[in-house]
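Taking the hints into account, I'd like the entire structure generated from these sequences.
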Amino acid sequence: MSLASSEVDIKTRSRALELIRSHFKKLVEESEKGHKLQLVFPKRTLSNTIYDQKAKMLLLGPDVQYRSFTDINEAKKFMQTLLMASIIYNTLRNNEYPTIRDLFYRGKHSISYTSVDGKTISENSWDEQRESDSVIRDLEVLLNILREDLLILSKEKGKVVGNLVIRSGNDVIDLSKMGHGAYAIEPTPDLIEFIDVDAEYVLVVEKDAVFQQLHRYGFWRKNKVVLVTSAGQPDRATRRFVRRLSEEYKLPVYVLCDSDPYGFYIYSVFKVGSITLSYESERLSTPTAKFIGVTLTDIFGTEIFKDVLKKHGVKEALEEVTKGISKLGSKQPYLTPEERKNFVIKAKLRDVERAVELVGYRVAEACLESPEYKSKIKRKEGASGYPWFLTPEWVRELCIFFYTTSKLEIEAITGKGLKFLADEYIPRKIKSGDWIE
Amino acid sequence: MSTIGEKYTSISPAEFFYKYREVAGFANPVKAFYQTIKELIDNALDATDMHGVLPDVKISIERADEVQEFYKITVEDNGIGLPPDVVPYAFGRVLFSSKYSMKQSRGMYGLGVKMVVLYAQMTTGRPIEVTTSRENYRMIYYFKLRIDINKNEPVIIERGAWRKTRDWHGTIVSVTIEGDWNRAKQRILEYLHRTSIITPYANITLITPENEIVHYPRVTTVLPRPPRETKPHPHGIDLEMLKMLLNNNGDKTLEEILVSSFQSIGSSTAKVLLSTAGIDPSKKPRELAEEEIQKLFNTIKNYDKYRPPLSSALSPLGREVIEAGLKRIFEPEFLYAVSRSPRSYEGHPFIVEAALSYGGKTPMSPQDQPVVLRYANRVPLIYDESTDVITQVVKEDINWDHYMTSFPAQLAILVHICSTKIPFRGVGKESIADIPEIRREIRLAIMEAARELKHYLARKAREKEALRRVETIAKYIPEVARSLLIILEDESNEYAKKTLTHKLVTLVSKRSGVPVNVVDSIVKSVEIGA
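Chains S and E, in that order, give the protein sequences. Taking the working numbering, I'd label the letters of the first sequence as residues 324 to 760. Taking the working numbering, I'd label the letters of the second sequence as residues 61 to 590.
Take the hints with a grain of salt, since some may be wrong.
[To be verified] No more than 30 Å apart at the CA atoms, straight line, and that leaves these computed lysine-lysine pairs for DSSO-like:
| no. | chain 1 | residue 1 | chain 2 | residue 2 |
| --- | --- | --- | --- | --- |
| 1 | E | 557 | S | 356 |
| 2 | S | 349 | E | 163 |
| 3 | S | 431 | E | 557 |
| 4 | E | 421 | E | 118 |
| 5 | S | 348 | E | 570 |
| 6 | E | 524 | S | 359 |
| 7 | E | 163 | E | 355 |
| 8 | E | 584 | S | 356 |
| 9 | E | 163 | S | 399 |
Source of the hints: derived by calculation from the structure; they are not laboratory data.
Below, the structure written as structure tokens:
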């Protein structure tokens, strides 16, 4: 049986078709009543992306965008939005599974007209995929539906193994029987049906290489873990898949990343959502996700932070950023000074700048020692940091990062021995509750 | 023509002709041809529009000899005609007009046509033929005559008169000259073209020796107000004129002469002038000594309490005529004419008129200035453009950037100066001298028209901008309609497509203020490619 005929697929299609048709039917009717021909939807801008403290996720704010056909600055976008809606509508009707790149090519064509001075002017409906991608996002917020539910596919990126049996299409797949390979998380994770889950927790690993090592080592079997990798920046499907496991089976979710601001940010995308796709957070984010490591305190311990606090004005400055930072407990490092010397690498300016984005300029100013970096990040003055990073634990991490300008890639821990990572580091951290949220 | 009863002084025509041949424009067969046509047409028009008659002027030029370059030129007008007793003198005697009263006219008081007769006689030896009648005459008169050069007398070779069978008035003049038609043709056509620009009320037809017909049909029946004869203003007098006045009016008192010869001198002003000059008012006019005349002349010239010169002697074309004329020839997209109020210089009244013609069939200008069409007393000035004060104003006094204009452009400026005395530069009468009062008026007139042009161009730019804005929306209507119809699953319904497209067109038209048909034409031009 083909995938197209699967029941869940058919249902999803007809629901999407109906949603699109009724929305645009209403649009035409409104304009017939003399109202503006315009699309109204939440603004997808940085300024309208807010961190919801209660839900602990990034959500779209209350700002609304009006895209009117008769507004010359919006006319082209209006046309592009409708064009994209009609293409998606057709693919749904024809039982197709386009990727966003397919949609880009399907809609790309020339539009020519004769101008006032008699010249024939030609342009393209869109020139770059950036433009067609943008209107796909607009349609998602306009129709309040995720692209996955419009049967738009994207490249598979995330992988999963573990004691987990699922139904995809009309096939039942046992994810504990994948050999050395793994199940590629399909772009439409909502079409997956969980049949049986036998696991203690979910471990999400940023790096594919680490995932493979843990997989071959038998880590997930030994610890009853659903092992997931996002292979770098997580795509939507991986996030949605993790979210479903957390939500539907109440499994704790731990995230293992590099010990650098990029790793920290990947964790936060799982947890609170991404800034560019904040409208999806409600469906994609996992607010209970915990950052298991690698932390700077795993590398350096907490003594080093106490030294920083003793410096003039640092304590006051950090207390102002986040209350209680000077009263945090202490812990020993997982690495010896010798190992530290071997594994730790120097942070680049790029890393430092990213860190300023996470916790703000004031933390960097208080903790940075390097005069070179200090002068170079001056232009970021005024950056206040993301609210979900302004907790005592995270500020301490980044303070140590600024102070030492050091980072560590997770492969380095495996350098100490895969056994150490799999049998000691991860289990010990989970057991002792040594994570950051 | 009000030539009856006027006084003339004879001078030797041969002497006059040889002396003034070049000055009068008869230097060679090309110039002479041009000048002949010009004199005859100017006379024809003076006999019509200056007297309130809508001109019908026919000019025919025929080859009159198979071997020699002889051409018979016939000009017919429907003007006021000439009394038969004046005809021989008007055409057959070189005369010097002694009239003091003055008014605007094209020609030099009919002097030019005698030059034509003399030139014809010198080159082909053929006489001039004149047929004429006035409005209330029952007869039409015919003359064939030549000038006895030695006696300066007309010699009537043939004359005739017959009863009018229809209500005709006007004059037909035929003259045969030697000329270089091939080289004069362009000049003559240009002259006719320029003339026609400011005479939209005239029907002008020219038949060339090649039997080509050039026709400028009448497009308006509005005629400029004819000029009225006025006495000269005292500031415009010269010493010779004053002497002649004193000589010719021996029977009058000095005061009477002043009062009757000039405008704005009454008996009290006359008394003041005479006492200021220290002249005994009871002296006989002819008894004044040379230095007394000089003194009186200076006093008249320097007195500053006269009223400004009367402008009734002038006949400006008026805005309506100028605009109708430019419209007839150039069919411009923008047209604006200005007719300034009368001003005066050195005792001579003058009026400056200007017009701008933009776009349409207006000729393309040179790189650095607009096309300049100059006129003095309704006569087109074609040569010596660079030295003319009008050209100088256009090039030096007007900042065209300020009026949103850069060159080349389809822009022509017409300037007409009318005056009882046009201050020509040099003897060619093709270029007007730089008189500050006139220069100022030309500048103001052009600026006024240019301001209107600027407004027009700004409005046009705004409208174009509005269209551009509509374009940026309208071009997407077919795509939007198509997309909506797909979603509404109505894409193969032609009627639905038409209705929806029309709705969108109406909506865009309403929002932008641009007419439905304009929006529709943009939409119709749209092609959606692959």
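Please verify whether residue 421 of chain E and residue 118 of chain E have alpha carbons no more than 30 Å apart.
holds, 26 Å
Do the alpha carbons of residue 584 of chain E and residue 356 of chain S lie within 30 Å of each other, as the hint requires?
holds, 26 Å
Given the proposed pairing of residue 349 of chain S with residue 163 of chain E, does the C-alpha separation stay at or below 30 Å?
violated, 80 Å
Holds or violated: residue 524 of chain E with residue 359 of chain S, Cα cutoff 30 Å?
holds, 25 Å
Has the given pair, residue 163 of chain E with residue 399 of chain S, been kept, meaning a C-alpha gap of at most 30 Å?
violated, 69 Å
Hint check: residue 557 of chain E vs residue 356 of chain S, CA-CA at most 30 Å. Holds or violated?
Distance ~19 Å between residue 557 of chain E and residue 356 of chain S Cα, so the pair holds.
Against the 30 Å threshold, does the CA-CA distance of residue 163 of chain E and residue 355 of chain E hold or violate the hint?
Measuring from Cα to Cα gives roughly 28 Å; hence the hint holds.
Can you confirm whether the C-alpha distance between residue 348 of chain S and residue 570 of chain E stays at or below 30 Å?
holds, 22 Å
Distance restraint between residue 431 of chain S and residue 557 of chain E, which requires alpha-carbon spacing of 30 Å or less:
This hinted pair holds, its Cα atoms lying about 22 Å apart.
Violated hints for the displayed structure, listed by number in ascending order: 2 and 9.
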